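Protein sequences, first through last, are from chains A and B.
Read left to right, the first sequence gives residues 1 to 312 (the numbering used here).
Read left to right, the second sequence gives residues 1 to 181 (the numbering used here).
Think of the hints as simulated: they come from the structure by calculation, not from any bench.
Please read all numbers here as calculations on a predicted model, not as lab measurements.
For glycine and all other residues, C-beta sits at the position ideal for the given N, C-alpha and C.
Incorrect hints may appear among the rest.
[To be verified] Here are the simulated EDC-like cross-link-like pairs (lysine to aspartate or glutamate), alpha carbons at most 20 Å apart as the crow flies:
{"hint": "1", "chain 1": "B", "residue 1": "K3", "chain 2": "B", "residue 2": "E162"}
{"hint": "2", "chain 1": "A", "residue 1": "K39", "chain 2": "A", "residue 2": "D74"}
{"hint": "3", "chain 1": "A", "residue 1": "K28", "chain 2": "B", "residue 2": "D91"}
{"hint": "4", "chain 1": "A", "residue 1": "K39", "chain 2": "B", "residue 2": "D117"}
{"hint": "5", "chain 1": "A", "residue 1": "K31", "chain 2": "A", "residue 2": "E65"}
{"hint": "6", "chain 1": "A", "residue 1": "K3", "chain 2": "B", "residue 2": "D80"}
{"hint": "7", "chain 1": "A", "residue 1": "K306", "chain 2": "A", "residue 2": "D25"}
{"hint": "8", "chain 1": "A", "residue 1": "K69", "chain 2": "B", "residue 2": "D117"}
{"hint": "9", "chain 1": "B", "residue 1": "K89", "chain 2": "A", "residue 2": "E32"}
{"hint": "10", "chain 1": "A", "residue 1": "K69", "chain 2": "B", "residue 2": "D74"}
{"hint": "11", "chain 1": "A", "residue 1": "K308", "chain 2": "B", "residue 2": "D80"}
{"hint": "12", "chain 1": "A", "residue 1": "K40", "chain 2": "B", "residue 2": "D91"}
{"hint": "13", "chain 1": "A", "residue 1": "K39", "chain 2": "A", "residue 2": "E290"}
{"hint": "14", "chain 1": "A", "residue 1": "K151", "chain 2": "A", "residue 2": "E185"}
{"hint": "15", "chain 1": "B", "residue 1": "K89", "chain 2": "A", "residue 2": "E29"}
{"hint": "16", "chain 1": "A", "residue 1": "K306", "chain 2": "B", "residue 2": "D74"}
{"hint": "17", "chain 1": "A", "residue 1": "K40", "chain 2": "B", "residue 2": "D117"}
{"hint": "18", "chain 1": "A", "residue 1": "K306", "chain 2": "B", "residue 2": "D80"}
{"hint": "19", "chain 1": "A", "residue 1": "K181", "chain 2": "A", "residue 2": "E16"}
{"hint": "20", "chain 1": "A", "residue 1": "K39", "chain 2": "B", "residue 2": "D91"}
{"hint": "21", "chain 1": "A", "residue 1": "K3", "chain 2": "B", "residue 2": "D75"}
{"hint": "22", "chain 1": "A", "residue 1": "K7", "chain 2": "B", "residue 2": "D80"}
{"hint": "23", "chain 1": "B", "residue 1": "K87", "chain 2": "A", "residue 2": "E150"}
{"hint": "24", "chain 1": "B", "residue 1": "K22", "chain 2": "B", "residue 2": "E56"}
{"hint": "25", "chain 1": "B", "residue 1": "K22", "chain 2": "B", "residue 2": "D147"}
{"hint": "26", "chain 1": "A", "residue 1": "K308", "chain 2": "B", "residue 2": "D74"}
[Stated by the list, open to error] FRET-style restraints, in silico, Cβ to Cβ:
{"hint": "27", "chain 1": "B", "residue 1": "S158", "chain 2": "A", "residue 2": "L286", "range": "50 to 60 Å"}
{"hint": "28", "chain 1": "B", "residue 1": "L120", "chain 2": "A", "residue 2": "N209", "range": "50 to 60 Å"}
{"hint": "29", "chain 1": "A", "residue 1": "G157", "chain 2": "B", "residue 2": "E162", "range": "32 to 42 Å"}
{"hint": "30", "chain 1": "B", "residue 1": "L142", "chain 2": "A", "residue 2": "K308", "range": "17 to 27 Å"}
{"hint": "31", "chain 1": "A", "residue 1": "R59", "chain 2": "B", "residue 2": "E60", "range": "45 to 55 Å"}
{"hint": "32", "chain 1": "B", "residue 1": "G81", "chain 2": "A", "residue 2": "K40", "range": "18 to 28 Å"}
{"hint": "33", "chain 1": "B", "residue 1": "R160", "chain 2": "A", "residue 2": "K257", "range": "45 to 55 Å"}
{"hint": "34", "chain 1": "A", "residue 1": "K257", "chain 2": "B", "residue 2": "E11", "range": "54 to 64 Å"}
{"hint": "35", "chain 1": "B", "residue 1": "F92", "chain 2": "A", "residue 2": "K40", "range": "14 to 24 Å"}
{"hint": "36", "chain 1": "B", "residue 1": "D117", "chain 2": "A", "residue 2": "N209", "range": "48 to 58 Å"}
{"hint": "37", "chain 1": "A", "residue 1": "T154", "chain 2": "B", "residue 2": "D117", "range": "31 to 41 Å"}
{"hint": "38", "chain 1": "B", "residue 1": "R78", "chain 2": "A", "residue 2": "I38", "range": "19 to 29 Å"}
{"hint": "39", "chain 1": "B", "residue 1": "R18", "chain 2": "A", "residue 2": "K39", "range": "37 to 47 Å"}
{"hint": "40", "chain 1": "A", "residue 1": "A239", "chain 2": "B", "residue 2": "R124", "range": "55 to 65 Å"}
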Amino acid sequence: MSKLSVKHLLDIKKLESEDIQLILDTAKEFKEVLNRPIKKVPTLRDITIANLFFENSTRTKLSFELAEKRLSADVVNFSAGSSSVNKGETLIDTVNNILSMKVDMVVMRHARPGAAQFLSQHVDASIINAGDGRHEHPTQALLDAFSIREKLGTLQGIKIAIVGDIVHSRVALSNVLLLKKMGAEVMVCGPTTLIPKYIDTLGVRVEHNLQIAIEWCDVANMLRVQHERQDLKYFPSIAEYRAQYGLTMEHLDGLNKPILVMHPGPINRGVEITSEVADSEHSIILEQVENGVAVRMAVLYLLAEKRKLGNS
Amino acid sequence: MSKREIIDSRELNIALNRLCCKLIENHGDFSNSILIGLQPRGVQVLLRIVQLLENEYNIEGIRSGLLDITFYRDDFRRRDGHLQPNKTKIDFLVEDEKVVFIDDVLFTGRSVRAAMDAILTFGRPSKMELLTLIDRRFSRDLPIQPDYKGRQVDSIESQRVEVLWEEINGRDAVLLTESNS
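Just chain B, same shape as in the assembly:
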């Protein structure tokens, strides 16, 4: 297995800041907006973005939540591994609010399809948007595209894009992993 770093910590930080600025352009003071991190790997992106918006851009009272899409997946009973659900934490209704889904890597688009389905159990949002740190181009199974993307990466199906975080992995970076088999 070979691993190559395609984005370093400085570039990752620039990308996150740029995403925050774009969000502010469209959402202003976020009074009608809700940021939803997709479990499990969108959570860290959400935490960083909220942190930046609050500390660097002085926006207060941002509402955010975590959404687990396990029960809405379209590959239940079709894959070998176990699908373990994670915590959903949404303490409010999303009725008539602008929802921004936040994830680390956009690949086939199937998780996002499931997320759109899942969020409707908390009300009917006036709008749904998608923010992804990494957009793996040319790999979509569904007609889903991000509204905000940190970086575009060209990769083939056998490769994996892995985002590392300082809080969890000790450093910020994005790796492209290739299995040699």
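Just chain A, with the same shape it has in the complex:
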């Protein structure tokens, strides 16, 4: 078994399928660690990690921080709201200031697509993209894949429908790229206005009818309607979106097979899925959150391994 082929985790696009396999296999062992009475290992005790969140986040930030602490890394946190970014400092200056305090790895969320890539070209730390605008959110795709593989045993040949706001969603893009690399079949489903024009060039099916999508799929990944990124009206009203694309128990009860329901959170209950669906046995939403910590531990572990002592 070899190491990861990349030094940073910037997007799914640059990962080989072997890298993805290695991350998912390693995460499985970390999940076992998380179920021990003492959930901490000393592996990253000589690594310092900065979490730079230039955009709001609850789940991802907590999940990364917990993963770092479970690995015994030293952690510093930074949120844009309370920082000098508001005083006009550039991204590179902010990060270089932090790095001069001897930080080895940076986990960054930023509103600009490509921010993580840009940073990786200018600083010496290992960069992990925790979401860059509408571009990618690689660790979310990895934890989604881990959750599917854990439930269904494989990704090869599994049919996954990603439903909702595809155009604004970094989760959708990362998921599509990852699932295609691992041999799954992917469909995107949503109103025409929320489906990117050339998405079929990525080898995915496009569907506008939710009923057809859920009859086809083994897994439905219901995305959040991202009100904050929608500068235009993409659909007439929330009520109409709910009627067309909201997943209900009636949908699930009408199927002749069980399907898994996923959601990257935070959920708009009663919009993309009803409360009953979110809390039903079909839903693996909370397992996704649990798996997120294990997957992020695996990513941190494998990237730290690439930083040999003395280089950092």
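Let chain A serve as the given structure and place chain B on it in line with the hints.
Just chain B now, with coordinates in the frame of chain A:
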């Protein structure tokens, strides 16, 4: 690369039986004892010992588990190769139990140091012991010695001691491998 067989199948079997007898002397019916095989190569030794204890010495209900020490190693980021973790399978607490670590070859003692660290995440054992099939003398980096050893082998650092198992390699044997470079 030259390979020399230093222990054959009959000798290996005698050694395993002797280890079982010594374990029984100290642990009786194993009601307060847990056998822990160290991943990856201690697993086969553990399986054989449990098999012998159950079938030849009629001891029932032996509790055993597998421990992976990858995340506790002291050479993370200091070696070139990738450290791939293996499965840990310990479905019980080790609080106040006597733990016996089982491995195939004791060399520098660093894995055992990591194992002592790792097992504490499952509770505080009343005692820890070490059983090794092969003890490579004069090669320790740490003050760690086995409580039970199958055979002592004198070897130099460039040599490798490799244990073969019938279930995996088709025959039981211990080889001393020397690289010619």
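Results of checking the hints against the structure:
Restraint check for K3 (chain B) and E162 (chain B): satisfied, since their Cα atoms lie roughly 10 Å apart, inside the 20 Å limit. Proposed proximity of K39 (chain A) and D74 (chain A) is supported: the alpha carbons are some 16 Å apart, at most 20 Å. Using a Cα cut-off of 20 Å, the hinted pair K28 (chain A) and D91 (chain B) holds, with the two alpha carbons roughly 16 Å apart. For a cut-off of 20 Å, the pair hint linking K39 (chain A) to D117 (chain B) stands: about 13 Å separates their Cα positions.
About 16 Å separates the Cα atoms of K31 (chain A) and E65 (chain A), which keeps this hinted pair within 20 Å; it holds. For the hint linking K3 (chain A) to D80 (chain B), the alpha-carbon distance of about 9 Å falls within 20 Å, and the restraint holds. With a C-alpha separation of about 17 Å, the suggested pair K306 (chain A) and D25 (chain A) falls inside the 20 Å cut-off, and the hint holds. For the suggested pair K69 (chain A) and D117 (chain B), the alpha carbons sit about 18 Å apart, so the restraint of at most 20 Å is met.
For the suggested pair K89 (chain B) and E32 (chain A), the alpha carbons sit about 9 Å apart, so the restraint of at most 20 Å is met. This hinted pair checks out: K69 (chain A) and D74 (chain B) have alpha carbons roughly 18 Å apart, not beyond 20 Å. The suggested pairing of K308 (chain A) with D80 (chain B) holds, with an alpha-carbon distance near 8 Å, which does not exceed 20 Å. Distance check on the hinted pair: K40 (chain A) and D91 (chain B) sit about 17 Å apart at the alpha-carbon level, within 20 Å; holds.
This hinted pair checks out: K39 (chain A) and E290 (chain A) have alpha carbons roughly 13 Å apart, not beyond 20 Å. At most 20 Å may separate the alpha-carbon atoms for a hinted pair to count; K151 (chain A) and E185 (chain A) meet this at roughly 17 Å. For the hint linking K89 (chain B) to E29 (chain A), the alpha-carbon distance of about 10 Å falls within 20 Å, and the restraint holds. Distance restraint check for K306 (chain A) and D74 (chain B): the Cα-Cα separation of roughly 16 Å lies within the 20 Å cut-off, and the hinted pair is therefore satisfied.
Between K40 (chain A) and D117 (chain B), the direct Cα distance comes to roughly 11 Å. Compliance with the 20 Å bound is thereby established for this hinted pair. Restraint check for K306 (chain A) and D80 (chain B): satisfied, since their Cα atoms lie roughly 9 Å apart, inside the 20 Å limit. For the given pair, K181 (chain A) sits about 8 Å from E16 (chain A) by alpha-carbon distance, which is consistent with the 20 Å threshold. Proximity of K39 (chain A) to D91 (chain B) is assessed by CA-CA distance (about 15 Å); at most 20 Å being required, the pair is judged to hold.
This hinted pair checks out: K3 (chain A) and D75 (chain B) have alpha carbons roughly 15 Å apart, not beyond 20 Å. Between K7 (chain A) and D80 (chain B) the alpha-carbon distance is near 15 Å, which keeps this suggested pair within the 20 Å criterion. Simply put, K87 (chain B) and E150 (chain A) have alpha-carbon atoms about 15 Å apart, close enough for the 20 Å limit, and the pair holds. Note on K22 (chain B) and E56 (chain B): the hinted pairing holds, with a Cα-Cα distance of about 14 Å set against a maximum of 20 Å.
Our distance criterion of 20 Å between C-alpha atoms is met by K22 (chain B) and D147 (chain B), whose separation comes to about 10 Å. For the suggested pair K308 (chain A) and D74 (chain B), the alpha carbons sit about 13 Å apart, so the restraint of at most 20 Å is met. A hinted range of 50 to 60 Å for the beta carbons of S158 (chain B) and L286 (chain A) is consistent with their spacing of about 53 Å. Taking the beta carbon of each, L120 (chain B) and N209 (chain A) are about 56 Å apart, inside 50 to 60 Å as hinted.
Checked against the hint of 32 to 42 Å, the pair G157 (chain A) and E162 (chain B) passes, with Cβ atoms roughly 40 Å apart. Against the hinted window of 17 to 27 Å, the Cβ-Cβ separation of L142 (chain B) and K308 (chain A) comes to about 23 Å, which satisfies the hint. The supplied range of 45 to 55 Å is met by R59 (chain A) and E60 (chain B), whose beta-carbon atoms lie about 48 Å from each other. One distance hint, 18 to 28 Å for the beta-carbon pair G81 (chain B) and K40 (chain A), holds here, with the actual separation near 25 Å.
For the pair R160 (chain B) and K257 (chain A), the supplied restraint of 45 to 55 Å holds, since their beta-carbon distance comes to about 53 Å. Here the CB-CB span from K257 (chain A) to E11 (chain B) is close to 58 Å, well matched to the stated 54 to 64 Å. Between F92 (chain B) and K40 (chain A) the C-beta distance comes to about 20 Å, which sits within the given range of 14 to 24 Å. With their beta carbons about 56 Å apart, D117 (chain B) and N209 (chain A) fall inside the hinted range of 48 to 58 Å.
Remark: the range hint 31 to 41 Å for T154 (chain A) to D117 (chain B) is upheld by a beta-carbon distance near 35 Å. Between R78 (chain B) and I38 (chain A) the Cβ separation comes to about 25 Å, which falls inside the hinted range of 19 to 29 Å. Checked against the hint of 37 to 47 Å, the pair R18 (chain B) and K39 (chain A) passes, with Cβ atoms roughly 39 Å apart. For the hinted restraint 55 to 65 Å between A239 (chain A) and R124 (chain B), the CB-CB distance of approximately 59 Å keeps it satisfied.
Comparing the model with each earlier hint shows no violations; every hint is respected.
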